[in-house]
Each structure stands twice: as C-alpha cells, then as structure tokens.
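S.K.: Produce the complete structure using the sequences and hints provided.
First to last, the protein sequences are chains G and B. Sequential numbering of the first sequence, starting at 1, is according to my numbering. Sequential numbering of the second sequence, starting at 1, is according to my numbering.
No wet-lab data here; the hints were simulated from the structure. Don't take each hint at face value.
Because identical chains share one entry, a pair is satisfied inside a single copy or across any pair of copies.
[As the list claims (entries may be wrong)] Straight-line alpha carbon distances no greater than 25 Å define the calculated DSS-like cross-link-like pairs of lysine-lysine that follow:
#1 Lys31 to Lys12
#2 Lys293 to Lys12
#3 Lys326 to Lys293
#4 Lys12 to Lys77
#5 Lys12 to Lys377
#6 Lys55 to Lys145
#7 Lys31 to Lys220
#8 Lys377 to Lys388
#9 Lys388 to Lys309
#10 Lys31 to Lys145
Given the structure is predicted, the values throughout are model-derived calculations rather than measurements.
There are 2 protein chains.
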Amino acid sequence: GGVSGHSVFKHKLVVALVGLPARGKTYIATKLAYYLNWIMVPTRVFNLGEYRRRKLGPESPAQFFHPDNFEGVRQRKVLARQAIEDVLQYLRNDGGVAIFDATNSTRERRMWLQRILNKAGVRVVFVESVCDDDQQIRNNIMDVKVRLPDYGALSVDAAVADFEERIKYYRMRYEPLSSEQDADCSFIKLVDVGRSVLLHRVQGYLQMRIARFLMSLHIKPRHIYITRHGESEFNTVGKIGGDSSLSPRGMEYAQRLKQFMDEQELPNLRVWCSSLKRTIQTAQNFDDVESWKALDELDAGLCDELTYKEVEEQFPDVYRDRATDKYWTRYPRGESYADVVQRLEPRILDLEQAQENVLVVCHQAVARCLLSYFQQKSDLASQLPYIKVDLHTVFKITPIPYGNLIEVFPLGIDAVSTYVPRIPTALLDSPAISTGGRGDDGG
Amino acid sequence: GGVSGHSVFKHKLVVALVGLPARGKTYIATKLAYYLNWIMVPTRVFNLGEYRRRKLGPESPAQFFHPDNFEGVRQRKVLARQAIEDVLQYLRNDGGVAIFDATNSTRERRMWLQRILNKAGVRVVFVESVCDDDQQIRNNIMDVKVRLPDYGALSVDAAVADFEERIKYYRMRYEPLSSEQDADCSFIKLVDVGRSVLLHRVQGYLQMRIARFLMSLHIKPRHIYITRHGESEFNTVGKIGGDSSLSPRGMEYAQRLKQFMDEQELPNLRVWCSSLKRTIQTAQNFDDVESWKALDELDAGLCDELTYKEVEEQFPDVYRDRATDKYWTRYPRGESYADVVQRLEPRILDLEQAQENVLVVCHQAVARCLLSYFQQKSDLASQLPYIKVDLHTVFKITPIPYGNLIEVFPLGIDAVSTYVPRIPTALLDSPAISTGGRGDDGG
Ligand SMILES: Nc1ncnc2c1ncn2[C@@H]1O[C@H](COP(=O)(O)OP(=O)(O)OP(=O)(O)O)[C@@H](O)[C@H]1O
Ligand SMILES: Nc1ncnc2c1ncn2[C@@H]1O[C@H](COP(=O)(O)OP(=O)(O)OP(=O)(O)O)[C@@H](O)[C@H]1O
Ligand SMILES: [Mg+2]
Ligand SMILES: [Mg+2]
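M.R.: Encoded structure:
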C-alpha cells in the first residue's frame, strides 16, 4: 500500500474562465494559480490574449473582435485550438490544473472545450465573472486595459473607447452560464465581485477547494501587515523554537509597533498573534487580539530548543536534509515548511475574505509562508524557506491589479540576525561547515 | 490588550431556514447546530413545529395550514412571535447562533423577522432549501413525516396524503429567495440537495464558515469508518505520544482490519492515516492511503513519551488541570482537545463532502474528536475527552435522518486498555491518586 498526502489531487482539471472583457478573468486566474501552486497543486495559466499577441502581433483594434469579422473569428478559433493543445500537453506532463483564461463567451465554444477535454479524460469547471456595475467596469478599464500592448501609442480616451467597443462586440454573442441550460456543467459564477456566488455541480475535493477560495475573494481596498514577534530571549542565545519571552529590545519593538500602526491611521484593524508568549507580548499593546495556534512557529520537534550547531551535531541527517531540501524536510516529531503551509491555508482564506485591515504577528517560518503567498513567486519549494524576514520589521501588503505591493518597514530597533543562508551544496561534504545562524525559531 | 481565540465569533447571528415542508430544513438545522457546537460556537435550534405541538397539541391536519384558514394563520403568527422572543433571550444570554427552523415561506414573514432581529442588533442569514425532485420529496415524507406525532394513529397512506396537502397549501404562498427581489438579504440557497448552491451577500467569518459547511453536505448513502491504529509498542509500556511501531498484536490487527473492510464489500473506499508510524503500519495493507498530518495524535508537548505516572510527578499542575478540565487544558508546548478539534475541522468538511466510503485510521484523542462530531452529543467539552475508544475496534458510521447510526465492531484481537477514567474531583486533593491508565497517546 502506498502512502501519500497528495493522491487527492490525482485528477487533472481545467478551470476555464468565462466572461466579457474587463470582468476580472485574468485577475481571478492569476490569484487562483498562485493559491494552487502555494498549496502544491502544480498549476499554470494559459492566456488566450497572449497567444493572439504572440501570433498576430501586439495591436488588435476592436474590429478584430466583431462577430461578423469572419477572418477574426477563424483566427481566434485556431488560437484556441493551439492553446488547448498546450493545455493537454501540460496536463500529460506533471501539470495538475490548467487555467484557460479566455472569454469563452458562447455556449458553443464551451461545449467544444468540454468535449475535447473530456475525451482526453480531463474534467472542466467553468468560472464565470459577471459584473454589470458600469463604474466598476470603467475602473477596471482604466486600471489595466488602457496600458495594454494592444493600444500601442493610442491616447487614453481612444483606448477606452476602443475597449468599450470590444466589450460591445463580445456582448452580441455572450451567453452566460445557467443552471437550466448548462445543467450538466460544473461551474462557479461570481456576480458583482463576490456579492453573490453560484456553485453548480461543484464536485470533489479539488473543485470544492477552488470554490472556497474564489468565494473568499473581494477587491475592496485594504492592507495586510505581517511582522515577526520582537526579539526573544531564545533569539539572543541562538536557540530555535521554545516559548521564551521577549528580550528588552523585543519589548521596545512591541511599543514601537503599536506606534507605527497608529501612524497608519487605519479605520479598523484586526490583530492576530500565535499561541506563543513572544507574539502575545509583541501584540500586548493592541485591543482584542485574536490568538491562533495555527500561527505558531514551525515545530522543530526533537530539535526544539537546540542551537543550529547542536542540531548539526545531534541530528546530522536532519541538518543535511534541510540543507538540500528545506521545504519538504520534516523535523523528527516536528514539521516541514510544507506542513506549515497546509495548516496556514485557512488563515489565508480568512485574510483574503477579511474586509478589515489585519496585522499578523507571527514567526520567521510562518511569515515566510505567508509572504510567499502574497509575493506570488514561482519555484516556491526552493525559494520560500530562504525569504529574508528580519526581526523588528513590518511588511505592508497592498493588493494591486494582478498582484500585491509589498513595502518593507524596518522600525529601527536593533535585533540579532536570525537569517540562515542557503548552504552551497558543494560544502555539504565537509563536516566542519556551520552556518552560525542564531535562533531562527525552527525556520 | 485582551487576547482571545474566539473574538471572531462575537457577533450574534440568527440562521433562519426557508422552504416548503419536507425539504430537509430540520435536517440542515440539526447538522449545522451540531457542527457549530463542535467548533465551540454555542448554538441552539428553535423549531416552530415544536412550539405548535406544545401549544396546540400534537395533531394538526393539513387544513390548519391552509392560507385562508384565518385562525390557523393567526395562531401560527403568535407562535412565531413567541419563538423569536425565545431566540432573542437565548442570544442575550450566552448563545452565539440561534437557528430558527420554520418554513418562513413568504417575503413578508422574512422581512418581519429581519426587522425585529436587526432592531435587536442581530444579523440574519436565510438558508433556503429548494427541491423539485418528486421522488426525493416522497422519500423524505416516508422517511421522517409519516411517523410525526401530528398523525397520531393515521394510516401511512392517509398521512402521506395529508402531508402532501400541507405542502400544497404552503406552495400557494411560497416566495423563494431571489438575488433581485431580496438583493439586500444575506442568504444561502441549496438547490436539489447540494447540486447547486447560491451564496448571496454572505459576509464575515462566521457566515462564511456556515456557507462552507452547508455546501459540503449531501445525502447520498455511504459509510465512514473510524479506528485507532493497532496496539503500539508505547501502548504496551504505558507511554503517551511518541512515534513507536506496532506491537505484534498491533500487526495482527492491521491484517484483521483489511479483512474486515474487504468483508464490507464496498464499491469504493478512501483510506486516511496520520503521519505517524503506527497508523501508517495499520493502514499498510490498503492501496492509495492518504497520510494527513492533521490526523496526528494530540500533541503532548513536554509530556510526550512520559507515562501518566511521570506526568503526575513531573507536571502536577498539568495533571490536575487535565483532571478538572481536560477539554481546554493545553499540554505545555503541546495541544488541548480544543486545539485538536480546530485542526480537524477541514477533515470533517472533507468527510461530509466525500461521496466515497472513507476509513480513517487515527489515534485515541483524534478518534474522540471525530466520533463526538458524529455522535452529536451535547455538553461536548465535558464529555468528549472521556469517550471510550478501545484499541482494535472499528466504529462504523451510517448517516440516518437527523443523525448517525454508530455501530461498534471489536475485531477480537487482544490489546492493552488505554482508557483513563474521569478522576472524581474529591480525590484530587490526595497526592497519592494515580489512575494507572496505560499510554493513551496523549489523550
Ligand atoms: N469578480 C470581478 N468582477 C469585476 N472586476 C473584477 C473582479 N475581480 C477583479 N476585478 C477587477 O478587474 C480588473 C482586472 O481585469 P482583468 O484584466 O482581470 O479582466 P479580464 O476579464 O481578464 O479582461 P480581458 O477579457 O480583457 O482579458 C482589476 O482591476 C480587478 O480589480
Ligand atoms: N437539501 C435537501 N433537500 C431535500 N431533502 C433533504 C435535503 N437535506 C436533507 N434532506 C432529506 O430531508 C429529510 C428530512 O426532512 P426534514 O424533516 O428535515 O424536512 P423539513 O423541511 O424540516 O420539513 P417540515 O417543514 O415538515 O419540518 C431527510 O430524509 C433528508 O435525507
Ligand atoms: Mg484577461
Ligand atoms: Mg422541519
């Protein structure tokens, strides 16, 4: 009998976006892709607009999208066929989920898609974004459309006009998904940026997780702040894990942090900490702090309360495995970074969904996992465990179109460095190597 | 600053069911109430039918529900008013969520409800169940309606006919919830037993968790099997926690378990285990086992690998706290039962949602948490940590109307007992008390 934590994801899936232009399809595709990659479901976006620009050159005026433009229709069908071939190729290799980011606005196109994919043994779930709020659509066009390569040197006004014409042409043939007419399809319909959500025949673990994620999204402006606890007594002696109190400098940070947050002048703020003393003390100047055990530091198991030097001496295998594959290596009786990501997932849904501003006071490894989600980096497993998260520093996250702005605020209070650099693999044969990192909380 | 893990639930909420008779409203209300209580949100169901039977006597023929029966309409309004008064009383005390289980089938009734509740500072989310599958409705009537006290000694056929007439009368005035006409309401509409789900203005953490739970429900027949790992080496020497292998008798159980499950002749089966050796070995005769770290045994922290006697000697405070409040007491650097319930919650959603049969191979404390969810006991915090879950025993759970049938199969292979009985508080002053329990895995 084979044991695996991931067999639940063995089914290959295509998520096909549906919707008029400027309805947030690419926004949704991008967020979903990073989310799925973050929970280690290999996912890639196939954007039909990029196929068009690659094949037909950067500029496409609205006329290209007119339903009676026979040549335009033919060319777009050829491009779709090409994209779907690439989708299937990706899934035949080690891809898990392919996100097909196109308008897919007619029932005929969707049935064609479903037929080809089902024949290849792949399931499809459609994700439609509907929005009839004109102001929202105009904002979207200004935010992300007028700067498209499609418009080369066109003026903003001309670009807006052209884009609105493009929408008009798509609308002529647009057939929204419906529980009656598409009774046999699996689909998720997002109406007016999450005001309502319709789930239809959403089946199985993976589709359900996708639905839960999508229904948590919103685009109201807000900020998320992430910081580690203030310097702890263990930090100062280079021990990992434990449940020590703050050092005097750590206490100073707790005060400085409150002051910094006050200066942000936020209309509302939720504050989260972990169950460990050092984050509770760091958050102690705030009201109504929520303590989440899921935010506790990566559990170093039998290595808890050791220094890195002691880990190297007493658990040389663990030390070596972490040097070569830090993300997947589980401390004996403890956790790996992969484990931490899994237990943090409900916190990420909660952060996505929160309408308030949130300050998360956590730990080095936890901050790395959270930041990696918002940074939307690729090659996560190899990068995540080495993200630099200094003590006494606030990371301010602001959602922007297709991503997040991350600003770093060192609050100017000295602290030890707990960063352990990647060990060059060539050096791993030498028994004398020690990184000298000081108490990075098991991270 | 106050720290708490529960301030997220500070908002009082009424969940008001909506739907024709025999649409599963009471079924949904019951499941939701047990789920919320299980995650420690104090919740109570207020069933209008019970108010009617208490006040007007057990028998109510269909004519009572005719919309032109003036006296019937008046009486039902009085009953609703009374129920809502009790709802508000409950929420003013320490209630968190009140579930109002009634048909609430007209817009007028719902607006009345919303007005009263909002005036009292309480939010409402409506949960509507729609089902037009005649066969399903007839099954529901046969399953749970013909035996209602309403029908006294009536024959089954007469009872069915009367109940169908009652539905007809409700249908005359029924106004389903709609995104357009009820644009400002928060509601969750379940169509055809979860085939589609519409979420409208579902806001905030608690409403979102309720939505996630409801969208996971289905009523296809299947079974869930729960067992602990086979007897481990630590079990035989009375140590808690650890990551030991199975004893020879434990190995025998692994084989017997496979045989037992084969004899169940299930068309499909998912098998879950934890990340610890003893569950992996117990599940080793099955194919495609999924290993979930969230199923690991309650973490005994600094008490890991001790015997109960040693815990009592080395951590007398922990020992005493667990004796008086086992559910909430967290082992130093480890977990409480409350912590385990929180990390198991995604597994419960997955079990609810799974269409396949599932065998969960886990640990004593984890099995207690899972079983307590399916047993739907009240007074959870005081009962849960003492549920008897013997080694080498399979618990077979079968969903039945409003609850679960739990069958217990001891598979006849000897094992040590790991049960630690409740310590009478009177004895706690005596330093000589020891329960002599043997290695109950931290539970
Ligand atoms: N559900 C939504 N409904 C409407 N707008 C949204 C939604 N989600 C995100 N947005 C906004 O949409 C903008 C991004 O539009 P995006 O490029 O994703 O549209 P698109 O549907 O991919 O358009 P196109 O068909 O031209 O590729 C962002 O400004 C984002 O804030
Ligand atoms: N979403 C659903 N749609 C239809 N039937 C369901 C649903 N969920 C559960 N059921 C089935 O409904 C039956 C229970 O009906 P229940 O008593 O809950 O109906 P009710 O709506 O409360 O009726 P009444 O208005 O007479 O109180 C069970 O047999 C259960 O399997
Ligand atoms: Mg796009
Ligand atoms: Mg009922």
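S.K.: Let me make sure I understand: some of the numbered hints might not hold for this structure. Which ones are they, in numerical order?
M.R.: Failing hints: none at all.
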